[in-house]
Amino acid sequence: MIDMTFFKGKRVLLTGHTGFKGSWMSRVLINAGADLTGYSLKPPTNPNLFDIAGIEKGMNSIIGDIRDLDKLMDVFSKCKPEIVIHMAAQPIVRDSYKDPVYTYETNVMGTVNIMECVRRTDSVKSFLNVTTDKVYKNNEWEWGYRENDPLDGYDPYSNSKSCSELVTHSYKNSFFEDRDVAISTARAGNVIGGGDFANDRIVPDCIRAMEKKEKIIVRNPHSTRPYQHVLEPVMAYLMIVKEQYCDKSLEGYYNVGPDDQDCVTTGDLVDMFCSKWGEGAAWVNQYDGGPHEANFLKLDCSKVKKTFGWSTSWGISDALDKTVEWAKAYLAGEDMVKVMDRQIEEFNS
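First residue of the sequence shown? That's 0 in numbering that gives the first Met the number 0, and the numbers climb one at a time after it.
Each hint should be verified, as a subset may be incorrect.
Unchecked claim - Restraint-style ranges between C-beta atoms, simulated for each label pair:
| id | residue 1 | residue 2 | range |
| --- | --- | --- | --- |
| 1 | Gly8 | Lys337 | 24 to 32 Å |
| 2 | Asn172 | Glu213 | 50 to 58 Å |
| 3 | Lys211 | Lys337 | 22 to 30 Å |
Unchecked claim - Here are the computed lysine-lysine pairs in the DSS-like style, where the Cα-Cα straight-line distance is at most 30 Å:
| id | residue 1 | residue 2 |
| --- | --- | --- |
| 4 | Lys337 | Lys327 |
| 5 | Lys327 | Lys211 |
| 6 | Lys97 | Lys214 |
| 7 | Lys56 | Lys41 |
| 8 | Lys79 | Lys9 |
| 9 | Lys56 | Lys124 |
The hints are simulated quantities; they were obtained by calculation from the structure and are not laboratory data. Heads up, the beta-carbon is just placed ideally off N, CA and C, and yes, glycines get one too.
Between the sequences and the hints, there should be enough to build the whole structure, so can you do that?
Take a look at the structure:
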């Protein structure tokens with residue numbers, strides 16, 4: 000459990016606030032009373048959670064490109080953040096094959112720009128760069144990757160996030176060793192939850208198929224991933240920035256993923272989804288010969304558990320329950336702000 004009163008009145012800058020995970024993070028911080036500024040491109044999908052939940056009403060939302068150092072620096076100068084959480088990214092593996100240059104510009108130079116702004120801003124005390132479990136050199140082994148394993152993502156997305164980690168490490172070593180600024184990265188697994196409308200993600204694909212009353216198309220039912228509800232990493236990120244704000248010695252590189260039993264194959268995940276959705280939901284295996292993606296990937300989260308006493312709250316079954324609940328409420332035209340806030344309260348209870 001996190002004492003969310005810590006964030007009341009704290010000046011927080013969040014990049015990527017219009018995305019799926021960023022919208023959940025924003026809502027949690029708004030509810031906690033943070034003085035929140037967001038910097039991001041416009042929402043990446045239509046529809047999108049940012050607009051559906053009216054996130055902009057509770058914060059200072061600035062539309063901008065993370066590649067624009069001058070504009071980003073101007074935002075830092077005006078809002079003088081104490082806490083910076085960097086979530087802006089090009090996050091889709093398949094899109095990174097289509098446009099690798101943009102992916103590297105956003106994920107690598109975007110990190111350079113945010114680190115440079117942190118370097119130039121005296122008010123910052125706690126910084127977290129959110130990366131991914133895909134930063135590791137994937138050997139397809141059956142045990143979880145640890146924070147000291149080699150970084151070398153295969154595809155442009157994964158590799159660009161490996162580079163983002165290295166940029167953060169270099170800035171930390173070069174500029175922050177003698178300053179009262181805590182610098183960390185967090186490597187999270189695949190997230191699911193209400194309000195994700197992205198392409199090429201299995202749960203949004205499932206929900207779109209249900210809306211159209213079609214069978215779900217599954218590209219690779221045998222790939223294993225560490226699935227977790229979006230609130231799991233969001234709360235872990237807030238735990239890290241809070242604790243290292245108070246004690247710089249807690250800065251570091253942390254895996255944030257589910258327990259072993261929640262690392263499941265895509266086929267098993269879709270089976271569970273169909274069971275929970277009901278209404279005759281079914282899927283078909285339709286491998287499309289797409290670009291390389293890892294078949295087996297999971298994380299060893301011993302470090303974050305030992306350091307902070309962190310543990311998961313919702314397993315994969317609960318996470319799917321909440322995702323289906325949110326999706327059915329949305330399709331029924333319910334007040335999604337209330338649904339979102341209820342799930343946040345349930346998670347923290």
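Structure-inconsistent hints, enumerated in ascending order: Every hint satisfied by this model.
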